[in-house]
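J.: For reference, the chains in residue letters:
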Amino acid sequence: MGRSVGFAIYGVIGLICIGLPFFAESDVVVAVMPPGLSGSTLLHIGILIFLFGYLATSWNVLGGFCGQLSLGHAAFFAIGAYTSSLLYIHFGLTPWVGMLAGAAVAAVVGYGLGYVSFKYGLKGPFFALVTIAFAEILRLLMLYWDFTGGPLGLLIPLTEDSWSDMQFMAKEPYYYMAFGLMIFGILATAKIGSSRFGYYLRAIRESEEAAEALGIHSMRNKMHAAAISAAMTALGGTFYAQYTQYIVPDDVVKIALSIEIILFAVIGGSGLVMGPVVGAFILVPIGEMTRVIFSTAATGVSFVALVNSDIPAVEKFAKYLDYLASGGGGGLALLLYGAILIFVCLVMPRGVLPALKSLQSWGKKS
Amino acid sequence: MSDFILEATNISKRFGGLVAVKEASISVKRGDIVGLIGPNGAGKTTFFNMLSGFMPADTGEIFFKGKKINGMRPSNICKLGMTRTFQIVKPFPELTVLENVMIGAFNTTSSTTDAKKIAMEVLNLVGYASYADMSAGSLTVAGRKRVEVAKALATKPELMLLDEVLAGLTPTEMWSMIDVLGKVRDQGVTVLIVEHVMAVIMNLCDQVFVLNYGEKIAEGTPAEVSENPKVLEAYLGDDYGKPASGAN
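If you're matching them up, the sequences are chains A and B in order.
According to our numbering, the residues represented by the first sequence are 8 to 373, in order.
According to our numbering, the residues represented by the second sequence are 35 to 282, in order.
If you are wondering where the hints come from, they were derived from the structure by calculation, not from laboratory data.
All of these numbers come straight from a predicted model, not from anything done at the bench.
Beta carbons: idealized from backbone N, C-alpha and C, even for Gly.
You may find that some hints are simply not true.
To be verified - Chain A stretches covered by chain B per the calculated footprint, using a threshold of three residues with CB under 8 Å from any CB of chain B:
id, region
1, 191 to 203
2, 220 to 228
Stated by the list, open to error - Residues of chain A clear of chain B, computed beta-carbon distances all greater than 10 Å:
id, residue
3, 24
4, 35
5, 36
6, 98
7, 126
8, 136
9, 148
10, 152
11, 168
12, 206
13, 207
14, 255
15, 292
16, 363
As the list claims (entries may be wrong) - Mimicking BS3-like on lysine-lysine, the simulated pairs with C-alpha atoms at most 25 Å apart in a straight line are:
id, chain 1, residue 1, chain 2, residue 2
17, A, 126, B, 124
18, B, 99, B, 217
19, B, 217, A, 126
Looking at chain A on its own, in the form it has when it is part of the complex (with noise of 0.2 Å):
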């Protein structure tokens, strides 16, 4: 019953996904969106919400399926993204063979990064810093380059719309693609989750001594995590670079990303199949219309003067939501999405997906 429902509300968001391109232009859509977004705007959130719904969701089989907690998957991503356009720019090799072999490089890495943490019995924290310590390595490396372009970054070369550069002028087609890499994510997850190797996982996350007593080779089953992990989000970094066309060591290889994929991994509830997505659904729309509303439009008036002036209280604060609703000051767009999270993370510990599946139990009981 309670899993019919899920399905159902998947599905009609599912298709709301798949349609939102036909529409996003209508007057409806247009009437009702906060002032400051377009259509494209829409497209764009759509894209930035299953691209990181999906990395999410790849970070999740290491992280959340098995719990080791990587703090470094911008490497990953950065990998992908490097090694696709590289192949592309020096071979002219397409993009959907260069992700593979993005793919396949991440693999390699992840599985010798697990193999080296993991030899040396490295858990939690321990472990997250070695990860941290991993992308910064890879991101000095990237700066300092010269076949990366240093901290120019690549530039991969324009050309025009073409499924075999993976190159459109247009939002849909990669608004399309990301979707399929989500839906692609969920579904790997899934069948992991549901196979021997997922049930491993979780063993392992829950107490790797009792499952090494079960006969589960622990350290064997985290490096295969590792680089399924490193491989999926790789992936998730080629399309990144066909879609901006344009990637620095600096935007790829950053820990506020690596950081930002395991928020929405967390916050919709790690270690459980459509968490990550569930996660990203929520934060992404969050931060792009806090940070579109804050910082459009100016009213002129200075924040502090505001809070200085002489006028009566309420008045005051009359004026306070004028300033906010005409878009002042654009830090209160990562002060407000701050305290969001910090209240999911308050009323939600474990996540908004087990809140609501446990709601869910207890409306049944009363």
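Here the structure of chain A is known, so what remains is to put chain B in place on it, guided by the hints.
T.: Below, chain B alone, put in the same frame as chain A:
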């Protein structure tokens, strides 16, 4: 090679200056329930950890089914047919009871459907099928111990090492667990059990080994061991036979 499924000779473990296990030997006959007893701190759990591969032995050799298993990973030892439970139970708390037992069942199958089937059979055997959908983290101590045994049993072992599966149980829970252990033996599984509860040792075991301060001080049938003066001394103190002194 012999009818002994497990043979360990002269194995020792030293932690810094403390010798936890000193050249202890044990041989477990196929099909038996063998008890390992001793006062607190006698080195029983350390001994277990070495046998199951969780701790390397400093000296000595361990043979399981005639194959030397020193230095093997616990998971590989489990694949050979020896598994263990933990004194401080280690359930997978976020998973359901059924899923916990399925993890063990995956030792012999890669199909989720088969694993589920094996797990249900084991849960029926230990009389815990009605708890299948509960999360393991929400169980009582008695429940967790039973799941611990079920998990191990689901790996289809030839030898099970049980570390104090009765400690902390009420008498009712204890007798029901003893019943489970009898069923385990009836499955043809050899059992090596560490236990404090003498009733179990007396009722169930075919052979008993006694450790004290890391050394094996006695072995034999429960009746023989309970008559052994060294054993009585270890448990009751060296003046157990003498009349109580007036000064006390």
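J.: Next step is simple, just say for each hint if it's right about the structure.
T.: Quick rundown of the hints versus the structure:
For the region 191 to 203 of chain A, the stated coverage by chain B is satisfied: 3 residues place a CB nearer than 8 Å to a CB of that chain, which reaches the threshold of 3. Counting residues of the region 220 to 228 of chain A whose beta-carbon sits less than 8 Å from any beta-carbon of chain B gives 6, enough to reach three: the coverage restraint holds. Taking the minimum C-beta to C-beta distance to chain B, about 30 Å, the non-interface status of residue 24 of chain A holds against the 10 Å cut. Once the 10 Å rule is applied to beta carbons, residue 35 of chain A is consistent with being away from chain B; the minimum gap is 44 Å.
Against chain B, the non-interface label of residue 36 of chain A holds: every CB pair exceeds 10 Å, the least being about 41 Å. With 10 Å as the threshold on Cβ separation, the claim that residue 98 of chain A sits away from chain B holds: the shortest Cβ distance comes to roughly 40 Å. At the 10 Å boundary, the C-beta of residue 126 of chain A stays outside the reach of chain B, the nearest C-beta of that chain being 13 Å off. Residue placement check: residue 136 of chain A keeps its beta carbon more than 10 Å from all beta carbons of chain B (closest about 25 Å).
No beta-carbon of chain B is positioned within 10 Å of the beta-carbon of residue 148 of chain A; the least distance is around 35 Å. Annotated as non-interface, residue 152 of chain A keeps its C-beta farther than 10 Å from every C-beta of chain B; the closest such distance is 39 Å. With a closest Cβ-Cβ approach of about 44 Å to chain B, residue 168 of chain A is found to remain outside the 10 Å limit, as its non-interface label requires. Not every Cβ of chain B is farther than 10 Å from the Cβ of residue 206 of chain A; the closest lies at roughly 6 Å, contradicting the non-interface assignment.
Chain B draws residue 207 of chain A into its interface by the beta-carbon criterion, the shortest separation being 7 Å against a cut-off of 10 Å. The Cβ of residue 255 of chain A lies farther than 10 Å from every Cβ of chain B, with a closest approach of about 40 Å, so its non-interface assignment holds. Residue 292 of chain A, annotated as away from the interface, keeps every beta carbon of chain B farther than 10 Å; the closest lies near 29 Å. Against chain B, the non-interface label of residue 363 of chain A holds: every CB pair exceeds 10 Å, the least being about 17 Å.
Note on residue 126 of chain A and residue 124 of chain B: the hinted pairing holds, with a Cα-Cα distance of about 22 Å set against a maximum of 25 Å. The straight-line distance between the Cα atoms of residue 99 of chain B and residue 217 of chain B is roughly 23 Å, inside the 25 Å bound, and the hint therefore holds. For the hint linking residue 217 of chain B to residue 126 of chain A, the alpha-carbon distance of about 39 Å lies beyond 25 Å, and the restraint is violated.
Of the hints listed earlier, those the structure fails to meet are numbers 12, 13, 19, in rising order.
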